Amino acid sequence: MTDQVPAPLPDGALSVFVLEGIGEVGAGDDLAVLIAGAAGARLEHGDILAVTSKIVSKAEGRQVAAADREQAITDETVRVVATRAFPGGVTRIVENRQGLVMAAAGVDASNTPDGTVLLLPVDPDASARALCQALRTSTGLRLGLIITDTAGRPWREGQTDIAIGAAGVAVLDDLRGTDDAFGRRLDVTVAAVADEIAGAADLVKGKTSGHPVAVLRGLGRLVGELDEVDARGSVVAGGTVDARGATRLLRPSANDMFRLGSAEAHAEGFADGYAAGLAAASATP
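Basically this note's numbering = 1-based index in the sequence shown + 29.
Don't take every hint at face value.
In silico SDA-like links for lysine to any residue, alpha-carbon gap of 20 Å or less [stated by the list, open to error]:
no., residue 1, residue 2
1, K236, H295
2, K236, T179
3, K236, Q162
4, K236, V54
5, K236, F46
Here are the simulated distance ranges between beta carbons [said to hold, decoys possible]:
no., residue 1, residue 2, range
6, E297, T103, 15 to 23 Å
7, L201, F299, 18 to 26 Å
8, V119, E186, 14 to 22 Å
9, S44, T112, 36 to 44 Å
10, T145, G118, 17 to 25 Å
11, T112, T237, 27 to 35 Å
12, T112, G187, 15 to 23 Å
Treat the hints as calculated values from the structure; they're not laboratory data.
Model, not experiment: these values are computed from the prediction.
From the three backbone atoms N, C-alpha and C, an ideal C-beta is built for every residue, glycine too.
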């Protein structure tokens, strides 16, 4: 690949390509410098960068010694959703410190030296904002950025990449109140565009190719101005994109119809029913 600037895309077209030459990332590395250097003159206004969470974690020093990966998972877990035993151990689906529900709390032992694991960024949205702002400053371009990670999905086999952090780009496209092609009102359709972007980027990044950053072109309508936030995450100057970033994609537990695994839901229901039966029996004269 060269630094030649691509020709503009026709309306309705989408281009996805990787940035080569980023190399191995270590703690303290400046990702904005590495990404801008790999991009050269290839970026344009409205481009969205999809950055693998692994390099963000490495740059932020989230690579930790862990002789016992299971303990690292436990340490990152705030709520157990489901567990299943298999011949080699136990699979745990949990809610982690970032509010994400995923296998192993997002603790990753791949593409990291033996005896170490990678934890997810402490605050993926804050990481995305800082990186997006640095890239906008260095390039002079209005860019969007998402941080991606791989996750499974209920009811579906296989894994895909999802957005766990976002800045400068809409993560949801709310179509409620608009009409479909036949003039019928849409009442529930809210497209998870950040996850769709993450999945598209994964098609070219791959898992083992050494390409941790992809660029998507043709979705400039989703890119907006960054909100300025203080250290607490509160908006101090409003932009055109929600400062909550990918956090907007997290469904509150109270609204989750499948909050527990089937075995866990059965056990909880049995315990509640047993307690209610005991209470009723003790109240009988």
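Hints numbered earlier in the text: which of these fail when held up against the supplied structure?
Failing hints, ascending: 1, 3, 7.
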